[in-house]
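Enquirer: Just need the whole structure built from these sequences, with the hints factored in.
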Amino acid sequence: MSGEIEIEIQNGIRVRAQKLLSLGEVGCIIGYERGPRGQMRPMFVYDEAGVERLVWDRTCHHNLVVYVRDKVEAQGGGRAGGAPPPRVAIVARPCDVRALNVLIHEGQLAREQVFVLGIACPGMLDGDKVMAHCRRCKERVPVFYDALLGEPPAIEAEDDDWQDVAEIEALSAGERLAFWAQEFERCIRCYACRQACPGCYCFECLAEQVDPGWIGIAHRVPEKAFFHIMRAFHLAGRCVECHACEQACPMHIPLSLLNRKMAREVQELFGYTAGGDADVPPPLATFRRDEELPL
Amino acid sequence: MDTDFEPKIVGFLCNWCSYAGADMAGTSRVRYPANIRIIRVPCSGRVDPLYVLKAFQEGADGVLVAGCHPGDCHYGDGNYHARRRYALMHRFLDFVGIDAGRLRIDWVSAAEGNRFAQVVAELTDEVRRLGPWQGLGNGRASTAQEAAQREVTAALEGRDR
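Sequences listed follow chains Y and U, in order. Residue 1 is where the first sequence starts when you use the numbering used here, and the numbers rise one by one after that. Residue 1001 is where the second sequence starts when you use the numbering used here, and the numbers rise one by one after that.
One should not assume that every hint holds.
Derived list of chain U stretches under chain Y, where covered just means 3 residues or more per stretch with a C-beta under 8 Å from a C-beta of chain Y [as the list claims (entries may be wrong)]:
{"#": "1", "stretch": "1047-1060"}
{"#": "2", "stretch": "1081-1090"}
List of simulated lysine to aspartate or glutamate pairs, EDC-like, C-alpha gap at most 20 Å [stated by the list, open to error]:
{"#": "3", "chain 1": "Y", "residue 1": "Lys-138", "chain 2": "Y", "residue 2": "Glu-106"}
{"#": "4", "chain 1": "Y", "residue 1": "Lys-138", "chain 2": "Y", "residue 2": "Glu-112"}
{"#": "5", "chain 1": "U", "residue 1": "Lys-1054", "chain 2": "U", "residue 2": "Asp-1094"}
{"#": "6", "chain 1": "U", "residue 1": "Lys-1054", "chain 2": "Y", "residue 2": "Glu-185"}
{"#": "7", "chain 1": "U", "residue 1": "Lys-1008", "chain 2": "U", "residue 2": "Glu-1122"}
{"#": "8", "chain 1": "U", "residue 1": "Lys-1054", "chain 2": "Y", "residue 2": "Glu-156"}
{"#": "9", "chain 1": "Y", "residue 1": "Lys-129", "chain 2": "Y", "residue 2": "Glu-156"}
{"#": "10", "chain 1": "U", "residue 1": "Lys-1054", "chain 2": "Y", "residue 2": "Glu-33"}
{"#": "11", "chain 1": "U", "residue 1": "Lys-1054", "chain 2": "Y", "residue 2": "Glu-73"}
{"#": "12", "chain 1": "Y", "residue 1": "Lys-138", "chain 2": "Y", "residue 2": "Glu-268"}
{"#": "13", "chain 1": "Y", "residue 1": "Lys-129", "chain 2": "Y", "residue 2": "Glu-106"}
{"#": "14", "chain 1": "U", "residue 1": "Lys-1008", "chain 2": "U", "residue 2": "Asp-1072"}
Don't read these hints as lab results, they were simulated from the structure. Using N, Cα and C, we set each Cβ at its ideal position, and we do this for glycine too.
Expert: So this is what it looks like as C-alpha cells:
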C-alpha cells in the first residue's frame, strides 16, 4: 500500500521532470536520488539523462528548500522582484512548501522562480514507523504547488497533546537548566542543524561572526547552549517544523523540542502558524498598537 | 539562602525615556539599589535578544529592558516590536532554564524617576529571592532532581522522532 503510493509519486516526479526539462521550462530540478549506501540524498538534475535517477520514498527527509536560492541564482534568476519565468523545480512536501512561503515573504525568492512539484504527503518514516510529527500533521497537501503528485491521503491526524513539551515545563527552572545542559553538552558544533534549515540562510551567521564575537569557539556547554537558544529564537514564527534539523543532528539533540515550544508560544500569543500565507508577515516583523501582551 | 548575595543586574535603557528616567531618579535623589549596571541604547527595539542572552551567559543574575511607554516611542514603533519580542523571549528563556523572574521588560518615561527606582528595586528583590544565577549550561541538579531528569530523558529517548 505504502509502496504503491511511493512509486506513484516517484513516477509523477520523473514524468514532470522530463517534460519540464525537455520544454526548457526549468534549468534545474531539485529532487532526491539513492546514495551509494542506499540512503536517500538530495540530487540536482540539469538534463533529461538524469531524470531516471530521481527517486522518492518516505525516507526523503531532507528539506530541499535550503538549495532553492542558490539554484535560482545559478540559473540566472535574480533576487525576488521582476517576474522571471520558473527556472528551478523542486520536490516539496507540505512543510517544505511552507518554508518556501517563509522565503517568499522575506523577499528571498519570488513565487514565479520555482516550479513546485508538490507531494500529497503520506507522512515520513523513521525505520518502519511514521514519525511523530507526521502523525500529528494536519496538512497533507501543500498550500501551493504547480503539480500535485499522489492522491491526497485520507489520514486522520493524531491529536497533539504537547506531552513532550509539557514534561520539560513541569520541571523547575534549575532542572530545566540541567536538562538542557545535558542535551547541549553532546553538541559537537558541526552546525548541521543550521545548514539543514531552510530558515537559516544568513550569509554570515552570528556563530561565525568574529567582530563582535558573540559566541566563543570553546567546546563548552555555555557556548553551545547560546547557539541553540539563539537559533531557536531566530526561527520564532518562521520554523515550519519540518524536523530537518533534528534529522541532521548526529548527536540526537532534541532540537524540535525547542522549536515546538517556540511554535506553541507563537500560536498562543499571536495566533500565527509559520509559512501558511506569504502575504501575512511573521509575528516578530509586525505588531498591533492595541495588543495586550504578558511581559 | 546566601545572605551575602548581591545580584548583578544589567539594564538596557532607551536613550529617550528610560535613561532619562534613571537620570531623573538621580537628580531627584531617589534611592534605588546599586545592583543595576546601565547600558544606554537608542531604543528598546534596538535590544536584540542576543544582548539579553549574552548578559546571562556572561554571568548577569538579572536583566532589565526598559523603554518608552507604548505610543511614546521616539522612533514611532520600536517599543511595539520590543514588546512582541520580549513577550515571546520571556516564555522561551524560562523553558531553557532561565527563570522568567530574572528578565523584566518595563516602560519608564523620562518623568518617572520614582517609577524607575521602583522597577529596579522590585527586580533586585526578585533576583535576590531567586538566588545567584548558575550560568548558562551550568545547571547542576540535586540527586533527587537528577533522578527526575533521568526519567524525563528516558521518556524522551523512548519517544518516536
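Enquirer: None of the hints should be skipped; say for each whether it holds.
Expert: Against the structure, the hints:
Remark: the stretch 1047-1060 of chain U is confirmed as covered by chain Y, as 5 of its residues place a Cβ nearer than 8 Å to a Cβ of that chain, reaching the required three. Counting residues of the stretch 1081-1090 of chain U whose beta-carbon sits less than 8 Å from any beta-carbon of chain Y gives 9, enough to reach three: the coverage restraint holds. Simply put, Lys-138(Y) and Glu-106(Y) have alpha-carbon atoms about 25 Å apart, too far for the 20 Å limit, and the pair is violated. Under the criterion of a C-alpha separation no larger than 20 Å, the hint pairing Lys-138(Y) with Glu-112(Y) is inconsistent with the structure, at around 27 Å.
Distance hint between Lys-1054(U) and Asp-1094(U) is fulfilled; the C-alpha atoms sit about 15 Å from each other, no more than 20 Å. Of the pairs offered as hints, the one joining Lys-1054(U) and Glu-185(Y) holds, with about 18 Å between alpha carbons and a cut-off of 20 Å not exceeded. As the CA atoms of Lys-1008(U) and Glu-1122(U) are separated by approximately 14 Å, the hinted pair is consistent with the 20 Å bound. Taking the CA atoms of Lys-1054(U) and Glu-156(Y), the gap is near 44 Å; set against the 20 Å cutoff, the hint is violated.
Among the hinted pairs, Lys-129(Y) with Glu-156(Y) is consistent with the structure: their alpha-carbon atoms are about 16 Å apart, no more than 20 Å. Proximity of Lys-1054(U) to Glu-33(Y) is assessed by CA-CA distance (about 42 Å); at most 20 Å being required, the pair is judged violated. Between Lys-1054(U) and Glu-73(Y) the CA atoms are separated by roughly 36 Å; this puts the pair beyond 20 Å, and the hint is violated. Of the pairs offered as hints, the one joining Lys-138(Y) and Glu-268(Y) holds, with about 18 Å between alpha carbons and a cut-off of 20 Å not exceeded.
For the hint linking Lys-129(Y) to Glu-106(Y), the alpha-carbon distance of about 35 Å lies beyond 20 Å, and the restraint is violated. Of the supplied pair hints, the one linking Lys-1008(U) and Asp-1072(U) is violated, its CA atoms being roughly 29 Å apart against a limit of 20 Å.
Comparing the model with each numbered hint stated earlier shows that hints 3, 4, 8, 10, 11, 13 and 14 do not hold.
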